[in-house]
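Visitor: Sequences and hints are given; from them, build the entire structure.
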Amino acid sequence: MKNVKHPMDFYLRMDRMPHIWCTGCGIGLTATAFVAAMEKAKLDTNKVCVVSGIGCTGRFAGYIKLDSFHTTHGRAIPFATGLKLANPELKVVVVSGDGDLISIGGNHFIHAARRNIDMVVICVNNFIYAMTGGQVAPTTPLTAYTTTSPYGNFEPPSNIPQIAESSGAVYVARWTALHIRRLTNSIFEALNKPGFTVVEVISPCAQYYSRINRLGDGLDMMKFYHENSQIKHWEPTDNLYIDYQKEIIVGKFVDRERPTYSESYKKWLAE
Amino acid sequence: MKTNDKGVLTGTHNLSGNQACAEGALAAGCRFLSAYPIPPSIEVIERFTQRAKEVDAIFIQMEDEISVLAAVLGASWAGKKAMTVTSGPGLSLMMEHIGLGVMLETPCVIVNVQRCGPSEGIPNSPSQGDVMQARWGSHGDYEIIVIYPNSPQEMFTQTIEAFNLSEKYRTPVVILSDESLARMVEKVVIPPANKIILEPRKHYKGPKNKYLPFKYDKDLVPPMVNAGEGYKFHITGLTHDEKGYPVMNEECQELNVHRLVRKIRNYVDNITNIEEKNLSDAEIVVVSYGITSRTVDKALKQARKDGINVGSIRLITVWPFPDKEIMKLSKKVKAFIVPELNFGQILLEVQRCNYGNAKIRFVEYGHEEIQNSDPILNAIRSLTK
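Sequence lines, in order, name chains Z and E. Take 1 as the starting number for the first sequence in this note's numbering and just add one per residue. Take 1 as the starting number for the second sequence in this note's numbering and just add one per residue.
Hints were generated in silico from the structure; no laboratory data involved. Among the hints, a few may not be true.
[As the list claims (entries may be wrong)] Pairs of lysine-lysine residues, derived as DSS-like cross-links and limited to a Cα-Cα distance of at most 27 Å, are as follows: (1) E/K202 / Z/K65; (2) Z/K266 / E/K53; (3) E/K305 / E/K331; (4) E/K202 / E/K215; (5) Z/K65 / E/K187; (6) E/K53 / Z/K47; (7) Z/K47 / E/K195; (8) E/K6 / Z/K40; (9) E/K215 / Z/K47; (10) Z/K5 / E/K218; (11) E/K331 / E/K187; (12) E/K208 / E/K218; (13) Z/K47 / Z/K246; (14) E/K243 / Z/K65; (15) E/K6 / E/K210; (16) E/K208 / E/K243; (17) E/K332 / E/K298; (18) E/K6 / Z/K267; (19) E/K243 / E/K298; (20) Z/K5 / E/K208; (21) E/K6 / E/K195; (22) E/K205 / E/K6; (23) E/K6 / E/K215; (24) E/K277 / E/K243; (25) E/K385 / E/K331; (26) E/K385 / E/K334; (27) Z/K42 / E/K298; (28) Z/K47 / E/K210; (29) Z/K47 / E/K305; (30) Z/K65 / E/K332; (31) E/K208 / Z/K47.
Being a predicted model, the structure only gives us computed values, none of them experimental.
Guide: Put into structure tokens, the structure is as follows:
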């Protein structure tokens, strides 16, 4: 067979394949959507940086052929803040998981949104700490089993779009990993929008979350999320809590204008 | 304030240690400061932000000291000389990214204006309690350079030196100060910009597609590139290969992590900066650093007047520790005196390098203020009996 290049190869570190993600995981689909959005946005790839934290999604930066940074657990956003402020020409994208961005990095998420720092945050939410073997996360739905909630989770989960909106994000969307075209479009819109933009991706964890809760394989879960999702654009974000194996509301919830940190800083310098 | 386009405030000024530190940073070309307010370090931030507009510098007050150092590392990779300033409780939070800074070989400067600890301690009182933390605080094996000036003038020059060392060895460099040095006001002479020697970033010069982020030169330091220059590089805090890809095996640990230690240890002689006084005939040597050395000077003068053969060593670079110099001296002299504003930290290092040769007397200043020179003088006198 001829050595034919896949059109996505340009954006991927093919010398690192095969990747570490499990069969049926949604992170690979998120990567596909990201690359497709990059193609569509026609950005100068020399000027786009990807920053990730730690975890399954934390490995995202390692497979994307852009200036890419695999940093510390929860700190992708402040690292990206430094990159962006020091070189405003850069387009900075943070891709990380729910545990990384919302638990250990929650404070950074809130404050970067408040400052409206120019960055795209793609948060892959698989409801669990997967890389460490399936522990309860701040996003684990009530009653779901994990290795550290063996009698079912009793902590109410975080509602990521609501945190994003109330903290000041200018663009907030949520899709499941199977909503490839819509997800791509949201990432494309986020890439083109100045300010702090958030795209949440509901992704199956086919190894831990699925196994301990007996939800079938990755594809079953992916289909389940897709089929049980309801598109409700502009839904108030306080309605976006996710209950265990129930309907998931997806769509674009926030798209608004606020002065970005860089704009305000420039103004201050000029005064 | 009038400065030239390089941000150098040439002239003679009365500055506090903290202000001098900010001026040193600006003169070194630092254009990114990220910090979280904490006494007694705030005057550095205030001075820097006042001057930020003139020199087109960036300041951001982050949400905590964890994010502060993360932002500094990000800014450094975007090509800016970057720094932060904090005090003990903040330094504790920064340990995570001192580790990442070491692992990613990221030039940056961390100024720690020490206060009494542990925990919140006494926010506005001097201490030298973080000397060991500055060296060992982050997990895992690593080497780091730590500088401890003893005057506002030296705060200025050594802040520049800190940036130079951090660029040369591609490592975070810590500057230790303390509450009294921070707020002490003295004459500071700032030379013209063309008299200030700056170490440029060791930038990669080869073809773009051949760049490997961790392929190092003979000096064990790999050349660096900045984000946005089209190299499309990857770096990770995991053990990595030359490409910067995570590869967690013995070979990569050896190649890339052991090297982080050797790139400093092999150059200890070049890095070490100590000030020696009256060592030729000294039978007693006082080993001190930072603010304590100012008290030592007074005791030394008096002891010499009394006819005691006493000399001193002042550590300007505290880490890497000058093992060789102390070891050599230990065979020659009768005793070492180590005064510290703590309960014995550099004392342990002197003991280690002494190999039981000379007597060692510790002068404990574990209090919330700088003491007069009497305890040191008493120690010197007691050793002559």
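Visitor: Indicate, hint by hint, whether the structure satisfies it.
Guide: Okay, the hints, checked on the actual structure:
| no. | hint | verdict |
| --- | --- | --- |
| 1 | E/K202 / Z/K65 | holds, 23 Å |
| 2 | Z/K266 / E/K53 | holds, 10 Å |
| 3 | E/K305 / E/K331 | holds, 25 Å |
| 4 | E/K202 / E/K215 | holds, 13 Å |
| 5 | Z/K65 / E/K187 | violated, 52 Å |
| 6 | E/K53 / Z/K47 | holds, 26 Å |
| 7 | Z/K47 / E/K195 | violated, 36 Å |
| 8 | E/K6 / Z/K40 | violated, 42 Å |
| 9 | E/K215 / Z/K47 | holds, 23 Å |
| 10 | Z/K5 / E/K218 | violated, 38 Å |
| 11 | E/K331 / E/K187 | violated, 39 Å |
| 12 | E/K208 / E/K218 | holds, 21 Å |
| 13 | Z/K47 / Z/K246 | violated, 41 Å |
| 14 | E/K243 / Z/K65 | holds, 12 Å |
| 15 | E/K6 / E/K210 | violated, 34 Å |
| 16 | E/K208 / E/K243 | holds, 13 Å |
| 17 | E/K332 / E/K298 | holds, 24 Å |
| 18 | E/K6 / Z/K267 | holds, 22 Å |
| 19 | E/K243 / E/K298 | violated, 54 Å |
| 20 | Z/K5 / E/K208 | holds, 21 Å |
| 21 | E/K6 / E/K195 | holds, 12 Å |
| 22 | E/K205 / E/K6 | holds, 25 Å |
| 23 | E/K6 / E/K215 | violated, 33 Å |
| 24 | E/K277 / E/K243 | violated, 48 Å |
| 25 | E/K385 / E/K331 | holds, 20 Å |
| 26 | E/K385 / E/K334 | holds, 12 Å |
| 27 | Z/K42 / E/K298 | violated, 68 Å |
| 28 | Z/K47 / E/K210 | holds, 19 Å |
| 29 | Z/K47 / E/K305 | violated, 66 Å |
| 30 | Z/K65 / E/K332 | violated, 60 Å |
| 31 | E/K208 / Z/K47 | holds, 15 Å |
Hint check: violations occur at hints 5, 7, 8, 10, 11, 13, 15, 19, 23, 24, 27, 29, 30; the rest are consistent with the structure.
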